[in-house]
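Line by line, the protein sequences are chains H and S.
Residue numbering for the first sequence follows numbering that gives the first Met the number 0, beginning at 0 and increasing consecutively.
Residue numbering for the second sequence follows numbering that gives the first Met the number 0, beginning at 0 and increasing consecutively.
Take these hints with a grain of salt, some might be off.
To be verified - Reference listing, derived: stretches of chain S covered by chain H, where coverage requires no fewer than 3 residues with Cβ under 8 Å from a Cβ of chain H:
| id | stretch |
| --- | --- |
| 1 | 4-16 |
| 2 | 34-45 |
| 3 | 50-56 |
| 4 | 65-74 |
Said to hold, decoys possible - Straight-line Cα separation of at most 20 Å, SDA-like style, residue types lysine to any residue; simulated pairs:
| id | chain 1 | residue 1 | chain 2 | residue 2 |
| --- | --- | --- | --- | --- |
| 5 | S | 24 | H | 36 |
| 6 | S | 24 | H | 50 |
| 7 | H | 24 | H | 50 |
| 8 | S | 24 | H | 37 |
| 9 | H | 24 | S | 41 |
Claimed, not checked - A short, non-exhaustive set of chain H residues, derived as facing chain S with CB atoms under 10 Å:
| id | residue |
| --- | --- |
| 10 | 0 |
| 11 | 3 |
| 12 | 10 |
| 13 | 110 |
| 14 | 243 |
What the hints contain is simulated information worked out from the structure, not anything from laboratory work.
Ideal Cβ placement from N, Cα and C applies to all residues, glycine included.
So the chains spell out like this:
Protein chains: 2
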Amino acid sequence: MDLDESSLLDAVLATLDGTPDPRLKEILTTVGRHLHAAVRELRLTNREWEQAVEFLTAVGHTSDATRQEFVLLSDVLGVSMLVETINGAHAGTESTVLGPFHMVDSPARELGDSVNLIGKGQPCVITGSVRDVDGTPLSGATVDIWQCDENGFYDVQQPESQPPGNGRGLFHADDEGRFWFRTVVPSHYPIPTDGPVGALLAATRRHPYRPAHVHVIAEAPGHVPLTTHMFVADSPYLDSDAVFAVRGNLVTEFAEVTEPAEAEQYGVSVPFRHAHFDIQLARA
Amino acid sequence: MDLDESSLLDAVLATLDGTPDPRLKEILTTVGRHLHAAVRELRLTNREWEQAVEFLTAVGHTSDATRQEFVLLSDVLGVSMLVETINGAHAGTESTVLGPFHMVDSPARELGDSVNLIGKGQPCVITGSVRDVDGTPLSGATVDIWQCDENGFYDVQQPESQPPGNGRGLFHADDEGRFWFRTVVPSHYPIPTDGPVGALLAATRRHPYRPAHVHVIAEAPGHVPLTTHMFVADSPYLDSDAVFAVRGNLVTEFAEVTEPAEAEQYGVSVPFRHAHFDIQLARA
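So that you can see chain H by itself, here it is in the shape it has in the complex (with noise of 0.2 Å):
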């Protein structure tokens, strides 16, 4: 009764004094810690504070079985990145993050397969490896891709347009851990700008736009799951991803190739662009 500014805070980290899963009571505690530290040090007004409530329902009414904003704020404050930082700091390839299109399953495909199901965009073969970081193949695993089309849209968000599935796959490395695939180049893109997180980029004036880039997701037993992008050499916006995603290691050559026999070897035709991503994964 009668809290002030500071006893407050206490009275509320004495709440926590009860909870059994200690890790649990360590996140509640920081978080409450600068959570207060926050609204102290800014002298929060009631219409700000308001304004922060329906900011973040609005970020949980705009999030759906096909769209996460909560993820998208995440990522454009440097947390989901800063979240891959801190656990991706391993041997192997290195992360980067997740994005907010990862809400469906990738449906299973052979190597070779095109994960282009509307036949517009520039064609692509994507060949790669998956190794442990001593240079053993790994068979067996798993590649789960996820790209946007040519004009920078995921399936999800043009339901109307594209069939579901379109630029996503799930592949298995062959006995030499090798994989590949056909799609189309993707394109930069701004990430969705009609709910609440694209309201934010506007009104601190931020461009809203990322490279271009293929997802990636790579398993295999007994390794630490990986989650990357391979980012198209010669995208705008490497220096700028509205979500601080790049890694230099991650950006990867789409070259174009017009000799005919490569064609061949693909089941495409001239020209194409060929990008190779090898992949190393952590041990376990």
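Assemble the complex: chain H is given as a structure, and chain S must be docked to it using the hints.
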């Protein structure tokens, strides 16, 4: 590109440089610093980040036209009371939290009306006044009242059994700044525990109870609006309010009256309970 834990925060803050509204820039800078600091201190895992996203999304999805789970979350973390403490440090009656149930407009009522539309509960008369800090009556001040019923539920929680507006009333003080109305004695009650905030309380073994109270918002031209409670003096949980909102000055006797003449004055029968609450509003 290739940002580390520290340069990542710098990059995020640099994107705020062009924000036209200096207060928005200040808020986002402070929130960004504390968010990043909390994640770094906790060494948050990817799975914990996912759980945080899932929790906040569930809080959003639980909020609708008659329920505000983000307000409830702010309440149980002591943030709402902190904002009140920061902003209520002026002359006049002390403020306390708004709470999550002020989602609908209170129906306009005449002085002396009853806000008890269902006829059950312990009859009660509440009288009071609205004055300036120098004691001048504030004729015509509005007094917005909302409270739960004898079982601890607000109208919006029980649309099947309580008519809209039960327990609510918007009154205008008379020429001498006085107000009075009939009601029932509110019960102590648990905050809603069927949503994610309830799950949080359960995981931390915190009880969800609030002491019995009547919500009040008093407003008059030229004065700072006041959001406060009358707490019922003999209620349980006055010392452990789940939302940390009790102020000693706001605890009010709800005295039993057995005097028929007094009952007749208010149009009730004996025994009834009578509470008196004098409000002073600070000058704007």
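Quick rundown of the hints versus the structure:
1. Counting residues of the stretch 4-16 of chain S whose C-beta lies closer than 8 Å to any C-beta of chain H gives 7; at least three are required, and the coverage claim holds.
2. Coverage of the stretch 34-45 of chain S by chain H holds in this model, with 12 residues showing a Cβ closer than 8 Å to a Cβ of that chain against a need of three.
3. Remark: the stretch 50-56 of chain S is confirmed as covered by chain H, as 3 of its residues place a Cβ nearer than 8 Å to a Cβ of that chain, reaching the required three.
4. Coverage of a stretch by a chain is defined here by at least three residues with a beta carbon nearer than 8 Å to that chain's beta carbons; for the stretch 65-74 of chain S and chain H the count is 4, and the condition holds.
5. Taking the CA atoms of residue 24(S) and residue 36(H), the gap is near 17 Å; set against the 20 Å cutoff, the hint holds.
6. With a C-alpha separation of about 15 Å, the suggested pairing of residue 24(S) with residue 50(H) holds against the 20 Å cut-off.
7. Between residue 24(H) and residue 50(H), the direct Cα distance comes to roughly 28 Å. Violation of the 20 Å bound is thereby established for this hinted pair.
8. Our distance criterion of 20 Å between C-alpha atoms is met by residue 24(S) and residue 37(H), whose separation comes to about 14 Å.
9. With a CA separation close to 11 Å, the supplied pair residue 24(H) and residue 41(S) stays within the 20 Å bound.
10. Because the smallest distance between the Cβ of residue 0(H) and any Cβ of chain S comes to about 5 Å, under 10 Å, the interface hint for this residue holds.
11. With a cut of 10 Å, the hint placing residue 3(H) at the interface with chain S holds, because the nearest CB-to-CB distance is about 7 Å.
12. The interface hint given for residue 10(H) is met, as the beta carbon of that residue sits about 6 Å from the closest beta carbon of chain S, less than 10 Å.
13. Here the hint on residue 110(H) is broken, as its CB sits about 28 Å from the closest CB of chain S, past 10 Å.
14. Taking 10 Å as the C-beta contact cut-off toward chain S, the hint placing residue 243(H) at the interface holds, the least distance being around 6 Å.
In this structure, the hints that do not hold are numbers 7 and 13, in rising order.
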